[in-house]
Amino acid sequence: MKKFFISIALFAVLGTIATSCQKENEFDKTTIEVGQNTIYRVCYSIDGKIYQLTLIGDDAWHDFLNRMFALAEAGHTVSFRNESVRTQIVSAKNVVTYTTTNKEEALSWAERMANDGYIVIVKYDKDTGIYTCTAEN
15 MKKFFISIAL FAVLGTIATS CQKENEFDKT TIEVGQNTIY RVCYSIDGKI
65 YQLTLIGDDA WHDFLNRMFA LAEAGHTVSF RNESVRTQIV SAKNVVTYTT
115 TNKEEALSWA ERMANDGYIV IVKYDKDTGI YTCTAEN
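Residue numbering for the sequence shown follows the numbering used here, starting at 15 and increasing by one per position.
Just so you know, the hints here were simulated from the structure itself, not pulled from any lab data. Quick caveat, the model's predicted, so the values are computed rather than measured. Glycine included, every Cβ here is placed at the ideal spot set by N, Cα and C. Please note that the accuracy of each hint is not assured.
Below, simulated DSBU-like cross-link-like pairs (lysine-lysine); rule was C-alpha separation at most 35 angstroms, straight line [to be verified]:
#1 Lys117 with Lys63
#2 Lys107 with Lys63
#3 Lys140 with Lys117
#4 Lys107 with Lys117
Distance ranges between label pairs, derived from CB positions [as the list claims (entries may be wrong)]:
#5 Thr146 with Lys107: 10 to 20 angstroms
#6 Thr91 with Gln66: 12 to 22 angstroms
#7 Asp72 with Lys117: 27 to 37 angstroms
#8 Asn116 with Arg81: 26 to 36 angstroms
Start from the sequences and build out the full structure, keeping to the hints where you can.
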């Protein structure tokens, strides 16, 4: 009986070790949904200093975008990328620029481009009231 118990225990330990040594699949950078919430993995910069953040839900994503635009209005250069989106862009570097005086239009454009996998850079000119949004792949 003692040999049987030792054999069972040894097989259990070896089974645990074997499964823990198996290679895991790489994280697929598609949008993840948890229940009713989407998880956004965001890489962003403020005046060149880089940060990473995980947001849960669309409300948190929209709050983040509003915060980025508020920082731009305060004179900072901000950029962000939704890392949760799989980038299908395979062409040479593509740069798209959008300018407007309407904050809501700029926010909408920036969100759309970030969700398409672009890095979005936002600058605001206080003198002219113009938002300059640039998207790069």
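Do the hints match the structure? See the list:
For the suggested pair Lys117 and Lys63, the alpha carbons sit about 24 angstroms apart, so the restraint of at most 35 angstroms is met. Straight-line distance between C-alpha atoms of Lys107 and Lys63 comes to about 22 angstroms, which keeps the hinted pair within the 35 angstroms bound. The straight-line distance between the Cα atoms of Lys140 and Lys117 is roughly 13 angstroms, inside the 35 angstroms bound, and the hint therefore holds. Simply put, Lys107 and Lys117 have alpha-carbon atoms about 27 angstroms apart, close enough for the 35 angstroms limit, and the pair holds.
In this structure, Thr146 and Lys107 meet the distance hint of 10 to 20 angstroms, their C-beta atoms being roughly 18 angstroms apart. A hinted range of 12 to 22 angstroms holds for the C-beta pair Thr91 and Gln66, which are about 18 angstroms apart. Between Asp72 and Lys117 the C-beta distance comes to about 19 angstroms, which lies outside the given range of 27 to 37 angstroms. For the pair Asn116 and Arg81, the supplied restraint of 26 to 36 angstroms is violated, since their beta-carbon distance comes to about 19 angstroms.
The structure is inconsistent with the numbered hints 7, 8, although it conforms to all the rest.
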